[in-house]
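Chemist: Got chain A sorted already, so can you dock chain B onto it with the hints?
So the chains spell out like this:
There are 2 protein chains.
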Amino acid sequence: MKETENILANSLYLGIDIGGTHTVFAIVGPKGKILCRGGIRTTDYSVFFDFAKALRKSVEALAREAGINITCIEGIGVGAPCVNALTGVAEGAVDLPWPSPVPLAETLQNVFGIPVGAANDANAAAMGEMYYGACMDYDDFIMITLGTGVGSAIVADGNMILGKRALAGELGHSIVRYDSDRMCSCGRRGCLEMYCSARGVVLTARKMLEATKEDSSLRSIPSDTLSAKDICLAASAGDKIAMDTMRFTGEILGEACANFTAFSSPEAFVFFGGVARAFPYFKDAMIESYRRNLLWVYRDQVKFLQSDLPFDDAALLGAAAVGRRAALKTFCPTC
Amino acid sequence: MKETENILANSLYLGIDIGGTHTVFAIVGPKGKILCRGGIRTTDYSVFFDFAKALRKSVEALAREAGINITCIEGIGVGAPCVNALTGVAEGAVDLPWPSPVPLAETLQNVFGIPVGAANDANAAAMGEMYYGACMDYDDFIMITLGTGVGSAIVADGNMILGKRALAGELGHSIVRYDSDRMCSCGRRGCLEMYCSARGVVLTARKMLEATKEDSSLRSIPSDTLSAKDICLAASAGDKIAMDTMRFTGEILGEACANFTAFSSPEAFVFFGGVARAFPYFKDAMIESYRRNLLWVYRDQVKFLQSDLPFDDAALLGAAAVGRRAALKTFCPTC
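As given, the protein sequences belong to chains A and B, one line each in that order. Following my numbering, the numbering of the first sequence begins with 734 at its first residue and continues without gaps. Following my numbering, the numbering of the second sequence begins with 734 at its first residue and continues without gaps.
With the rest of the complex left out, here is chain A:
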């Protein structure tokens, strides 16, 4: 198996990121090097099969131009909204122009004749980190995406934990405070997402601004336009309330990660997304809170990592990694 994995690590993969308007793709080489990239308009095709054929043409043209033999591509990975990683079917994706359900993986596999895997954003990001990013040395880790929401993907013994309906890993919707006044978009209160997403960070800053009269550069920004980016920038400039906000965000995240550790005992947590770019401003508080809340048996075993995939290429590299996984599965179906 190790030998197969080594061969696969040196092969080429096609990563496809299907968005509502545009679809981008890249041929990715060893170590996550993007060899060439292109795109087509998603909305130009009302039938998914036509889209898949156009995609193949575009990939072939791009590969020819770049001097790449398309038969060297061992696997294809596709990231798309509402896709089920087990079936490769997108269901109820209102952003896609094709009638639901869309059999993404099966159709692309027929059109390209290469193994195809599919994944949602967080799972693709985790695969990207495992094959090309910060988690290359780990096969037990938890990826947490801190962006508009809080997403997650859990890798245990090299396998993504998916559950029967590929719905596992919604750690952003773990309830971390049962007495919380923070109402989540899921309809419940006190979800992790309400503390550690961009929106959560803004809610914390607003509360802190209201609770004191302390001077802060954030007071010059109207409360309803205040963004997590403003707060991160203010924290980087040393603004105390902004720094306290990021510290509080880290504390909640540390508590939550301590509980997650009691579940799967990961070797590492890796953070990705807009809020994760402010890693230096919440990392220390997170680790301190993590240690304080951790069951002693897990002490000193876990690394906290920031994603090291290029932010703008992470989706494509994640998709390519899903393709590599699909190729591996053809050799070992139980992997």
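Hints were generated in silico from the structure; no laboratory data involved. Take these hints with a grain of salt, some might be off.
The list treats identical chains as one, so a pair stands whether inside a single copy or across any two.
The list that follows gives simulated cross-link-like pairs (lysine-lysine, DSS-like), each with its CA atoms no further than 25 Å apart [said to hold, decoys possible]:
1. 897 / 1062
2. 1036 / 897
3. 1036 / 764
4. 1016 / 973
5. 766 / 1062
6. 786 / 1016
7. 940 / 962
8. 764 / 973
9. 940 / 973
10. 973 / 962
11. 1016 / 1062
12. 1036 / 973
13. 946 / 962
Modeler: Just chain B, lined up with the frame of chain A:
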């Protein structure tokens, strides 16, 4: 693989439960039928290899007596304190008479010439439920043992989640209340164990008795001798405070299970242990609280089950199931 599993399901397994004083074992047939059982004194052997040889002799004699051909045993499972399920080695087990580390699995495998697996209590119990008990239809489930402590084992896609050091699945030490005054034996406050173990149930009842002047049969029991069993018995007799105690226990358990669901999206939770015998008295409150705290995507997908292994044989059946797993691994190392 399915064919192999069918053959294995119809084979015999030896389950061994090593305790500090006594070791019991059983030869287990299809559907978890215990065909014969025996035991030797753990403390009679100061060298583990001698213990293993004596165990083999005892098993052979027992099998002969029962008319069982020992070569029909396909796998051996061993449950022991502080055993690492990945290495089969018991480390730091002060209850065992042999110097630590004890290479349980390797030694038994050499002595018996059959694949041997090892597991701690909760993991063995989960395997027992999967092969012989309430979870035969599931391969994504969480086992929660409610006894002196709260233990757990997590099965995802048929595999036990163990982590690199076989320390995963300490859900009893998830912190469920950060403002709790209940100090856990782990040194932290607010662990699930402090609410749902036998000790947790007693703490809840004491609080409830102090908080009201309401009549209760529990008031006739001195506070320092009050046990979870007393409370379960009183609940079954309709005592209001005892019933409220079990309801509160169920509510906390339901909240916790809702968060666990966001992790691995199990098909079922299965409960085992002394407190789990009071399942009828906390089940409704647990399910109601679970639903209220659950992310909507998981709605109506999870079963709540009480273990259906015979209480006194569960450890042996769990160990035999671990043996069946060990046999399966010889056919498919990645399983």
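Chemist: Does each hint fit the structure? Answer for all of them.
Modeler: Results of checking the hints against the structure:
1. 897 / 1062: Both ways: residue 897 and residue 1062 sit 18 Å apart in one copy and 23 Å across, limit 25 Å.
2. 1036 / 897: Close across copies (13 Å), not inside one copy (29 Å); limit 25 Å.
3. 1036 / 764: within (22 Å within a copy, 43 Å between copies)
4. 1016 / 973: within (16 Å within a copy, 48 Å between copies)
5. 766 / 1062: within (22 Å within a copy, 37 Å between copies)
6. 786 / 1016: Result: close neither inside a copy nor across copies, 46 Å intra and 54 Å inter.
7. 940 / 962: Classified as within: same-chain Cα gap 17 Å, cross-chain 46 Å, threshold 25 Å.
8. 764 / 973: This pair counts as neither: shortest intra-copy Cα distance 41 Å, inter-copy 64 Å.
9. 940 / 973: Within one copy, since 14 Å is at most 25 Å while 42 Å is not.
10. 973 / 962: within (15 Å within a copy, 53 Å between copies)
11. 1016 / 1062: Classified as neither; 36 Å inside a copy, 41 Å across copies.
12. 1036 / 973: Neither, since 27 Å and 48 Å both go past 25 Å.
13. 946 / 962: The answer is within: 22 Å in one copy meets 25 Å, while 55 Å across copies does not.
This entry does not satisfy hints 6, 8, 11, 12, going by the numbered hints stated previously.
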